[in-house]
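Q: So for the sequence shown, our numbering puts the first residue at 2; every next one is plus one.
Since the hints were made in silico from the structure, they are not lab data.
Incorrect hints may have been included.
What the hints assert, rightly or not - In silico DSS-like cross-links for lysine-lysine, where the CA-CA straight-line distance does not exceed 30 Å: (1) Lys512 to Lys480; (2) Lys656 to Lys620; (3) Lys470 to Lys419.
To be verified - If you anchor each label on the Cβ, the simulated ranges turn out as follows: (4) Arg273 to Gln409: 22 to 30 Å; (5) Pro528 to Asn626: 24 to 32 Å; (6) Val246 to Gly469: 51 to 59 Å; (7) Thr585 to Glu643: 36 to 44 Å; (8) Thr452 to Glu430: 46 to 54 Å; (9) Thr517 to Glu62: 20 to 28 Å; (10) Ala58 to Asn448: 55 to 63 Å; (11) Arg73 to Asp283: 50 to 58 Å; (12) Glu495 to Asp283: 27 to 35 Å; (13) Arg446 to Gln13: 35 to 43 Å.
Quick caveat: nothing in here was measured; it's all calculated off a predicted structure.
Virtual Cβ for every residue (Gly too), placed ideally from N, Cα, C.
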Amino acid sequence: MDTTLQDPLVGQLLDGRYRVDERIAVGGMATVYRAVDTRLDRVLALKVMHPALAADASFVERFIREAKSAARLDHPNVVGVFDQGAEGAYVYLAMEYVAGCTLRDVLRERGALQPRAALDILEPVLAALGAAHRAGFVHRDMKPENVLIGNDGRVKVADFGLVRAVGSVTSTTGAVLGTVSYLAPEQIEYGTADTRADVYACGVVLYEMLTGAKPYAGDTPAQVLYRHLNEDVPAPSALVPGLAVELDELVASATARRADVRPDDAVALLSRVREARAALGDEQLDAVPPQARDQGRDRDRAGEADSVSPEARTSVIPRTPPEKPSAGASAAESGHTSRLDVPLPPPPHPPGRPRQRGRVPVPRRGVLAALIGVLAVLGVGAGVWYIGSGQFTRVPALIGKTEQEARQRLEDAGLGVKEVRRDFSETVERGTVISSEPGTGERIRGNGSVTIVVSRGPEIVKVPDLRGKPLAEAERELKKTGLAPGVVTEEFSEDVERGSVIGTEPGAGAKRSPDTAIALRVSKGAPVDVPDVVGESAQDATRELEDAGLEVKVAPERINSAEEAGAVARQSPGKGTEAARGDTVTLTLSKGPRMIEVPDVVGDKADDAERKLKQGGFKVKVEKNFPFLGDEVESQSVDGGEQAPEGSTVTIRIKGL
2 MDTTLQDPLV GQLLDGRYRV DERIAVGGMA TVYRAVDTRL DRVLALKVMH
52 PALAADASFV ERFIREAKSA ARLDHPNVVG VFDQGAEGAY VYLAMEYVAG
102 CTLRDVLRER GALQPRAALD ILEPVLAALG AAHRAGFVHR DMKPENVLIG
152 NDGRVKVADF GLVRAVGSVT STTGAVLGTV SYLAPEQIEY GTADTRADVY
202 ACGVVLYEML TGAKPYAGDT PAQVLYRHLN EDVPAPSALV PGLAVELDEL
252 VASATARRAD VRPDDAVALL SRVREARAAL GDEQLDAVPP QARDQGRDRD
302 RAGEADSVSP EARTSVIPRT PPEKPSAGAS AAESGHTSRL DVPLPPPPHP
352 PGRPRQRGRV PVPRRGVLAA LIGVLAVLGV GAGVWYIGSG QFTRVPALIG
402 KTEQEARQRL EDAGLGVKEV RRDFSETVER GTVISSEPGT GERIRGNGSV
452 TIVVSRGPEI VKVPDLRGKP LAEAERELKK TGLAPGVVTE EFSEDVERGS
502 VIGTEPGAGA KRSPDTAIAL RVSKGAPVDV PDVVGESAQD ATRELEDAGL
552 EVKVAPERIN SAEEAGAVAR QSPGKGTEAA RGDTVTLTLS KGPRMIEVPD
602 VVGDKADDAE RKLKQGGFKV KVEKNFPFLG DEVESQSVDG GEQAPEGSTV
652 TIRIKGL
């Protein structure tokens with residue numbers, strides 16, 4: 002029977018803005034619809050509190066607190082909240098719509114996941130919770146139903162309806178909130194929850210992903226609560242032989258019964274998850290025995306879906322004793338349709354000081370009996386979020402892989418790459434896959450192609466401090482950070498080794514967009530004055546230059562010059578310049594001067610004769626016996642028309658009166 006047709010909100014315009022199109026899921030406190038924001042023309046999820054609860058101020062307060070808390074968590078792995086309002090008996094949240102499915106759907110469909118897939122899902126969950134914990138919030142109801150997996154492969158945490166500020170989490174005579182299978186011992190015993198309660202729940206979720214089953218089973222929810230208090234979560238490898246010991250240690254650390262033994266928050270657990278992943282090889286990450294899948298799937302199907310099993314429901318258990326209902330009255334007749342009116346034992350010692358592992362006392366028989374009885378009767382707060390339209394297929398898991406690894410996985414699956422897009426991400430390492438279209442598990446033709454989105458890293462990155470690092474290393478670090486090596490200029494430096502970076506433009510710590518080119522100034526070492534070696538023999542010149550810390554190269558070709566054959570005719574760089582220690586000076590040797598014809602200048606005026614000889618390639622010496630008595634050339638040392646070495650000196654004599 003299509004229950005959507007009987008829902009009075011479907012087809013209505015709520016608050017003059019939100020057109021309700023379809024009911025997606027029903028929970029203990031609210032119903033979730035797919036709707037359209039007619040103002041902005043976008044699809045969203047509308048979470049509407051049950052009208053019967055809208056009269057309860059505490060429920061309305063919790064509902065509004067969810068809106069405010071989630072709206073403050075601007076994180077890519079948290080389901081966004083756009084609006085909150087009320088119309089008549091309807092109190093609602095307008096939220097981001099994630100087309101896809103829940104982790105519960107994945108586990109029901111597949112049973113145990115490969116360790117790689119489990120960690121691929123857990124890491125963004127912990128990133129979202131880490132953002133909440135650092136913002137001062139505790140989720141308090143982490144479970145597979147509240148982990149959404151979009152068709153594009155993105156993982157998001159939903160349902161912050163039980164969120165509390167960290168500073169307000171204390172022992173109270175209020176209620177135990179959460180889902181039975183994922184409650185931490187201190188939540189059950191004292192009604193308290195801090196960030197470590199979320200860590201515990203994530204440890205249980207990890208166990209379930211690795212094994213396909215919950216760690217504690219029981220005929221009633223009360224039996225599950227009892228086992229949380231008195232038994233350690235078993236090692237996943239006990240159910241799935243061959244799982245790596247690092248995975249067993251992760252689960253044991255996160256689910257320690259003593260809160261002070263667990264990681265402090267989701268950020269700390271995320272760090273341990275990444276360390277464990279780094280320690281595992283591909284064979285360990287990708288191996289899941291088929292029987293584990295079958296065991297997990299059989300357990301889910303044996304009890305129908307977890308969304309209707311009592312231990313999977315979000316429960317509200319007041320810690321103060323209610324008025325006893327009349328004999329034979331049902332829970333609904335007593336007016337308690339969304340909470341368990343059962344007195345829980347008061348904490349025997351102050352909260353925050355959990356009992357020693359393995360020494361948690363059994364609750365008093367009367368209290369336990371009452372708890373068992375009421376939990377067995379009542380059906381409370383279904384914890385299922387909503388299920389989108391995605392179906393699981395054979396598109397391999399690509400999130401977190403490098404582009405090359407993703408291409409190889411697609412090729413191995415018989416698929417191609419349609420397009421590679423790049424986008425910013427605060428949580429996914431640069432160069433690794435953020436998502437794919439179609440997403441992980443979606444069906445696609447055997448010869449189809451997939452679009453992958455690769456992370457460019459954060460939208461703004463800091464220029465690293467590269468001073469003193471060799472150029473090649475500095476360029477690698479820039480690329481790893483998300484920046485591009487730019488123009489390289491060399492300059493002298495007294496204190497930075499030759500070939501290493503003196504500084505960058507812009508400087509270290511400056512914030513730039515990814516792929517911005519960063520100019521590098523590289524040391525040429527300390528400066529050295531280049532000595533003048535022109536005219537020296539090749540051997541003497543080489544020794545003098547090497548003594549100055551320079552390298553020497555002799556050019557293969559010789560040139561005519563005024564220098565005698567075999568002497569240095571030219572050097573580069575020349576005298577008076579600065580070079581870096583280790584630089585090379587090139588020497589060009591002389592093959593002697595060129596022989597050229599001497600101009601005839603006898604009878605010319607002295608000035609004209611001197612000009613002709615210099616233009617012809619000679620030096621000129623002028624001799625005058627009587628300087629003031631004449632200026633006509635009487636004779637020249639080399640007769641005109643004869644050959645003489647280029648650059649040699651020709652003497653001219655001026656005759657007197």
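Q: If a hint holds in the structure, say so; if it doesn't, say that too.
A: A quick look at each hint next to the structure:
{"no.": "1", "hint": "Lys512 to Lys480", "result": "holds, 15 Å"}
{"no.": "2", "hint": "Lys656 to Lys620", "result": "holds, 20 Å"}
{"no.": "3", "hint": "Lys470 to Lys419", "result": "violated, 40 Å"}
{"no.": "4", "hint": "Arg273 to Gln409: 22 to 30 Å", "result": "holds, 28 Å"}
{"no.": "5", "hint": "Pro528 to Asn626: 24 to 32 Å", "result": "violated, 53 Å"}
{"no.": "6", "hint": "Val246 to Gly469: 51 to 59 Å", "result": "violated, 41 Å"}
{"no.": "7", "hint": "Thr585 to Glu643: 36 to 44 Å", "result": "holds, 42 Å"}
{"no.": "8", "hint": "Thr452 to Glu430: 46 to 54 Å", "result": "violated, 20 Å"}
{"no.": "9", "hint": "Thr517 to Glu62: 20 to 28 Å", "result": "violated, 47 Å"}
{"no.": "10", "hint": "Ala58 to Asn448: 55 to 63 Å", "result": "holds, 59 Å"}
{"no.": "11", "hint": "Arg73 to Asp283: 50 to 58 Å", "result": "violated, 39 Å"}
{"no.": "12", "hint": "Glu495 to Asp283: 27 to 35 Å", "result": "violated, 50 Å"}
{"no.": "13", "hint": "Arg446 to Gln13: 35 to 43 Å", "result": "holds, 40 Å"}
In summary, the structure is inconsistent with hints 3, 5, 6, 8, 9, 11 and 12 from the numbered list given earlier, while agreeing with the others.
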